[in-house]
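Put together the whole structure using the sequences plus the hints.
2 protein chains.
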Amino acid sequence: MESVWAVVLSLVYSLVAHFICYQAIKNFKDMFIKAGMFGKDLNKTSEEKIPEGLGVVSGAMFLISCFLFIPIPFLDYSELQFTQFICALLSICCMIFLGFADDVLDLRWRHKLFLPTIASLPLLAVYFVSGGSTTIIVPIPLRPLLGYDLHLGVLVYIYMGMLAVFCTNAINILAGVNGVETGQSVIIGTSIAVFNVIEIARDQFAAKHLFSLYLILPFIAVSLALLRHNWYPSKVFVGDTLCYFAGMTFAVVAILGSFSKTMLLFFIPQVFNFLYSVPQLFGIIPCPRHRLPKFDRATGLLGMSYAKFSPDQMGPGGAALLKTLSFLRLAKVEWSPPSGKEKKAEISVNNLTIINYLLKFIGPTHERTLTIYIMTVQVVGTIIAFSIRYGFVRFFYDVVQ
Amino acid sequence: MESVWAVVLSLVYSLVAHFICYQAIKNFKDMFIKAGMFGKDLNKTSEEKIPEGLGVVSGAMFLISCFLFIPIPFLDYSELQFTQFICALLSICCMIFLGFADDVLDLRWRHKLFLPTIASLPLLAVYFVSGGSTTIIVPIPLRPLLGYDLHLGVLVYIYMGMLAVFCTNAINILAGVNGVETGQSVIIGTSIAVFNVIEIARDQFAAKHLFSLYLILPFIAVSLALLRHNWYPSKVFVGDTLCYFAGMTFAVVAILGSFSKTMLLFFIPQVFNFLYSVPQLFGIIPCPRHRLPKFDRATGLLGMSYAKFSPDQMGPGGAALLKTLSFLRLAKVEWSPPSGKEKKAEISVNNLTIINYLLKFIGPTHERTLTIYIMTVQVVGTIIAFSIRYGFVRFFYDVVQ
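Chain order of the listed sequences is A and B. With positions in the first sequence counted from 1, the corresponding number in the working numbering is that position plus 23. With positions in the second sequence counted from 1, the corresponding number in the working numbering is that position plus 23.
There's no promise every hint is true.
Some chain A residues well away from chain B (every beta-carbon gap over 10 Å; in silico) [unchecked claim]:
#	residue
1	A148
2	R251
3	S328
4	R391
Below 30 Å or equal to it, Euclidean Cα-Cα: the simulated BS3-like pairs (lysine-lysine) are [stated by the list, open to error]:
#	chain 1	residue 1	chain 2	residue 2
5	A	K72	B	K63
6	A	K57	B	K49
7	A	K135	B	K258
8	B	K346	B	K366
9	A	K258	B	K135
10	A	K284	A	K258
11	A	K57	B	K135
12	A	K284	A	K317
Since the hints were derived computationally from the structure, they do not count as laboratory data. Think of the CB as a built atom: it goes at the ideal place given N, C-alpha and C, for glycine as much as any other residue.
Written as structure tokens, this is what we have:
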């Protein structure tokens, strides 16, 4: 019964955090411009300076709200959960700090991969201290091969460390349209919260899901406040800070709540986007610096953006891959044969992102409409995730876990 | 016996952290200039851009070093100490983050007081969870009045919250000469480490002092690395980040190690500086925006800086105060009587900082020499502190605690 009150209080805290955060972003944004942290919106005709990196304000509000929440559910009850909560906050605080440093200093790629791993160390340590399992139950179809369970040992820790890196980058990669980073974070966060509530209602590991709720509710609250400023037309940009912050929060609740597989299901659009991007990310076909949709100044609409290159710029298997993509209608490919002496053969293919893929179907679109479409895809992803989690799971495991 | 190995390992970690930190500051400083984080050295003739806020690099190195150290002494032994260590790191991480945000965004005064209080909440929570005492032993001379012990309850938590704010601002206020912020941090840190080692040798609450050592050793290491860059002539400035970082680290080890009174003794020069500054801080006599010593371009030496104002700009009691200060040779005061119609009476008094007070005795001085003098004062402060702690304490308490 006490936990019901803790959840109610967490909701109240989150609501208050939401409104304060909304106001704080408004108050702080001029300070960002003054500090030289701003950018121009590439998808707008205006040259207005938009403050960049405001995710740090929502991150800070999240931390304040959680710090003030510490005494509510943890001090009286389990000391282990108190420790877990502190470790979770330490990892998240570290990532917000790191994200902000990245926004200010423009860190290099190797820092971006190395530092999130360091930031997740407290998390791994508390997982170890709390006797976290390093054994997994093997899915039914693989049992003839691997047996009923598998002791993974240190691999589990590597997996958890990589989870934070994956979540962070998955949200970062799907960006460039007003409201998309924040929007997907809010939807994934809400999906996690709904999942937590369902599991608590079913009385399945309720303590772990309560724990997740205490973190995810304020996260949703501050992200929504940010989204209200970041929605089309964006008054502020969120920066890398938001992606780091969101990614680590998701990783933390999934690891300490022991539902990382379900959490990954909420990333279906991001996983699709990643797989779809592989040919460009791994250099099979050339990858331009930006893969954002193309803004048409005349119509004010966003359309597909293309990579253009000559056939010899492709990696091995490039030609076959393009034919396959084209045949499966996964990409729009155009071959211009060489014309005369000057002009060499040129290939044009749409940049392989889920946003361009969407634009392939709906045609040039207003930016706000495009964001709504992407959010719809994300929600559909969540519905599929829940179907898998509560429907198809019986084909893989004996009991609904 | 294990703890000896843990200390040795902590030393090794700190040594490695020192060298990596030294190199990292070198590598990162151009990124700071590119991000617009730089300043000019007011005490130099050159117009060179000096990167500002490099304290954040040493802060980050400190966190990385501590994160990697978590498994060494804590996982196998006491879970409580593990929790304390994580809480300590959370508070420190929060302050580094905050300090960096301050350096980037130039926060307002109310944020500077409000946010450190929030950052110390995890610390207070773990103090509560670990059954921290809220009762103090009354010093002997006061016992007829107050009795043997005094239950302070929530006041203890307010005191601890204010300790972080005090330490942070005490280091921040004594600044403006190359190497002074970092130098005093290193000396105070080293004093704490020496105190810890003495207490461990005397077998007095060894676990608490070991705990403090694990945090203070890497702190000294990264601060020394910073000092090597920040020493005259400064290649980098440390920013507010260092003050927040150092202040919180001192507060954390003192609170969790239960030696906050001894720790405050190491701040004798800072306390003197604060008391001496009171007339200016509280507006009894006017306070200019900067109170740094004055750089003489011709000689290249630093001399006393003065506040100049007319008698009616003083607060109540100003005239009497100036007379007293002058009589006690605590300040150099000059009264210029009104001359003719245009010129009103003017008072000139040296800005009330310990640095100006030093300059009053030694006269105009080279910047490096001045830093060495200030460091000497700090070391003398530490010697006095130890005399009080191990000598005079018997007049106040029954046993040497």
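Outcome of the hint check:
Not every CB of chain B lies more than 10 Å from the CB of A148 (chain A), the least distance being 5 Å, so the non-interface label is violated. The non-interface label for R251 (chain A) is consistent with chain B: the shortest C-beta to C-beta separation is roughly 21 Å, beyond 10 Å. With a closest Cβ-Cβ approach of about 28 Å to chain B, S328 (chain A) is found to remain outside the 10 Å limit, as its non-interface label requires. With 10 Å as the threshold on Cβ separation, the claim that R391 (chain A) sits away from chain B holds: the shortest Cβ distance comes to roughly 30 Å.
Taking the CA atoms of K72 (chain A) and K63 (chain B), the gap is about 27 Å. The hint holds against a cut of 30 Å. Between K57 (chain A) and K49 (chain B) the alpha-carbon distance is near 27 Å, which keeps this suggested pair within the 30 Å criterion. Taking the CA atoms of K135 (chain A) and K258 (chain B), the gap is near 26 Å; set against the 30 Å cutoff, the hint holds. With a C-alpha separation of about 23 Å, the suggested pairing of K346 (chain B) with K366 (chain B) holds against the 30 Å cut-off.
The hinted pair formed by K258 (chain A) and K135 (chain B) meets the criterion: a straight-line CA distance of about 26 Å does not exceed 30 Å. Our distance criterion of 30 Å between C-alpha atoms is broken by K284 (chain A) and K258 (chain A), whose separation comes to about 36 Å. Distance check on the hinted pair: K57 (chain A) and K135 (chain B) sit about 19 Å apart at the alpha-carbon level, within 30 Å; holds. Distance hint between K284 (chain A) and K317 (chain A) is unfulfilled; the C-alpha atoms sit about 35 Å from each other, more than 30 Å.
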